[in-house]
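2 protein chains.
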Amino acid sequence: MSTNNTINLKNRPKGRPSLDDFDITTSEIPEVQEGELLLGAKYVSVDPYLRGRMSDAPSYVPPFELNKPIKSGVVAEVLESKNDAFAKGEFVVGELAWKEQQVVKGDGLMKVDPDQAALSAYLGVLGMTGLTAYHGLMEIGRPVKGETLIVSGAAGAVGSIVGQIGKTLGMQVVGIAGSDEKVEMLKSQFGFDEVINYKTTENMTEAIAEACPNGVDVYFDNVGGEISDAVLFNINKFSRTINCGAISVYNNTEAPKSMSVQPFLVKKSSLMQGFIVTDYADKNKEAIQQLSEWLQQEKLHYTETIKEGFKQIPQAFLDLFEGKNKGKMIVKL
Amino acid sequence: MSTNNTINLKNRPKGRPSLDDFDITTSEIPEVQEGELLLGAKYVSVDPYLRGRMSDAPSYVPPFELNKPIKSGVVAEVLESKNDAFAKGEFVVGELAWKEQQVVKGDGLMKVDPDQAALSAYLGVLGMTGLTAYHGLMEIGRPVKGETLIVSGAAGAVGSIVGQIGKTLGMQVVGIAGSDEKVEMLKSQFGFDEVINYKTTENMTEAIAEACPNGVDVYFDNVGGEISDAVLFNINKFSRTINCGAISVYNNTEAPKSMSVQPFLVKKSSLMQGFIVTDYADKNKEAIQQLSEWLQQEKLHYTETIKEGFKQIPQAFLDLFEGKNKGKMIVKL
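Sequences listed follow chains D and H, in order. Going by the UniProt record's numbering, the first sequence opens with residue 1, and the numbers climb by one from there. Going by the UniProt record's numbering, the second sequence opens with residue 1, and the numbers climb by one from there.
Keep in mind that the hints were calculated from the coordinates and are not lab data. Among the hints, erroneous ones may be present.
Identical copies look the same in the list; a pair holds intra-copy or inter-copy alike.
With a straight-line cut-off of 30 Å between C-alpha atoms, the simulated DSS-like cross-links for lysine-lysine are [to be verified]:
#	residue 1	residue 2
1	257	14
2	167	257
3	257	111
4	285	237
5	68	237
6	199	285
7	237	257
8	187	111
9	187	82
10	199	257
11	324	10
12	167	10
13	237	14
14	237	71
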């Protein structure tokens, strides 16, 4: 096989992305030069944050270029190697192009062991997703046993891990999710104490008050918008909000409006802080060690939504914005 | 003199308070019992946060009771004492009722020295105002030499001290204020590098970008609302916003709307945190020591707007919401 499919960014989406914003091209695979290796993609991660990189507004990561491949977390097999650090047949994870096969130099790749955990886990609970949950909760949330943790986007990849870490640390854990099926899953599989279905709940402020009789000490926020407004009415003195994402407003073309948070923060001596997982890269090693330990102790469980086939990547990405995933959304090749 | 004026809360204000919400009653002064002392008010502090205590919504401090005296920071002279801890002729500061004279037990009073600083300073730069500026900036803002600090409500009591502390620490300091006179005062008397008059500026976002060419690292926010929205567009990665007050929305009867802050905090790994000065009471001693030292070194200057006469207290309070004060607003008896 010497030709190869690539998914490129065709247009910068206005508002919600659509399939028209992507196109698939074929190209030759270049020869592997000294120091390089040829990778075959096995698992491709699609994540809400990629939406930001499709716009050219300044953000925490540079935007994707038009008519160039999109990149995300990928687990790949080494198909051929002229780089001493990697051998044929090994598996690696890293930020790679949406290509079936690609030749790279090997910078920034981490080897992963398929015997220690499923390969797809390195895109999730032992990868960026798990690290995002862990660093956000530990560094900003500063969780305390007995406190109440509420998680929005609880059935998402990060949210479900956050809730389980909270339970492992002895917190009261409440989730917010968008279907009865997700509610059931979070309670039965992931051990959440209470879960609120925001789509069928009329008064979220009251529902949160009921689910959190001692108020909210830590809020892990993946969504922003009206759900976060409702949480604000229930925060405790010295509470901490982790701003991990704001998926509910990512597709707004104008700066979205919400309730003013400032008066709540003043009244409650409360903290809100955003982050990106790379802010805490110096603590990744201890985090992965802790997450692996919990995984082996079966304190952490994870769910994946796996789509099959390279050409399904754009649709899998679009499905994120309709909440069609349970846990980490991954495309398997 | 055995009768005595008191200012009571007559109505809980709806929206902006008015003179009708207060009334003045006279009463006898009770006899001083063993352990008590009689105080004569000398300087009374009026502060925006008192507005919150006039509502009965839950807040960080309990609400004032209807038809009972309002309380705030007061410097008083000991007129008579049957308490060994205080002698006639000494001066004290504490939270006291809006009464010309009152009999108290002495709990929570701190003695002040009229030879070390003007008595009114103990309501301002060496009192709650100075401590609010100091603790907020140091504990939440974590200022670093060379960084850019922007202060809203810069000509207010807290704001003008915050800016001067920033300059003392080697920061680039930009203020936001509401009149050309205040702009001039902040530059010439308080050493602000740049000051923006928000009332005459059409595009605040651009004006802030111009005044802060390196972006905003620390934002000391006294106002909330649209001014804070404009600052958000200019925050740097890892910036810190101190939510000290939100005077622009205190009189709203409905939960006010502003731009969603969450996407900005996520993009910039940025922090916002509210506080009240008592959160850091364990650090008051070192703070007063540092503030006194800077005052003696003439690194801190302060402005007061002093009204005369007990019955002027309600009007002085109302004037705060029209920005009629420069620096700390105080009523002298």
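Subject >> Hint numbers not upheld by this structure, sorted from lowest to highest >> reply: Violated hints: 2, 3, 6, 8, 9, 12; rest satisfied.
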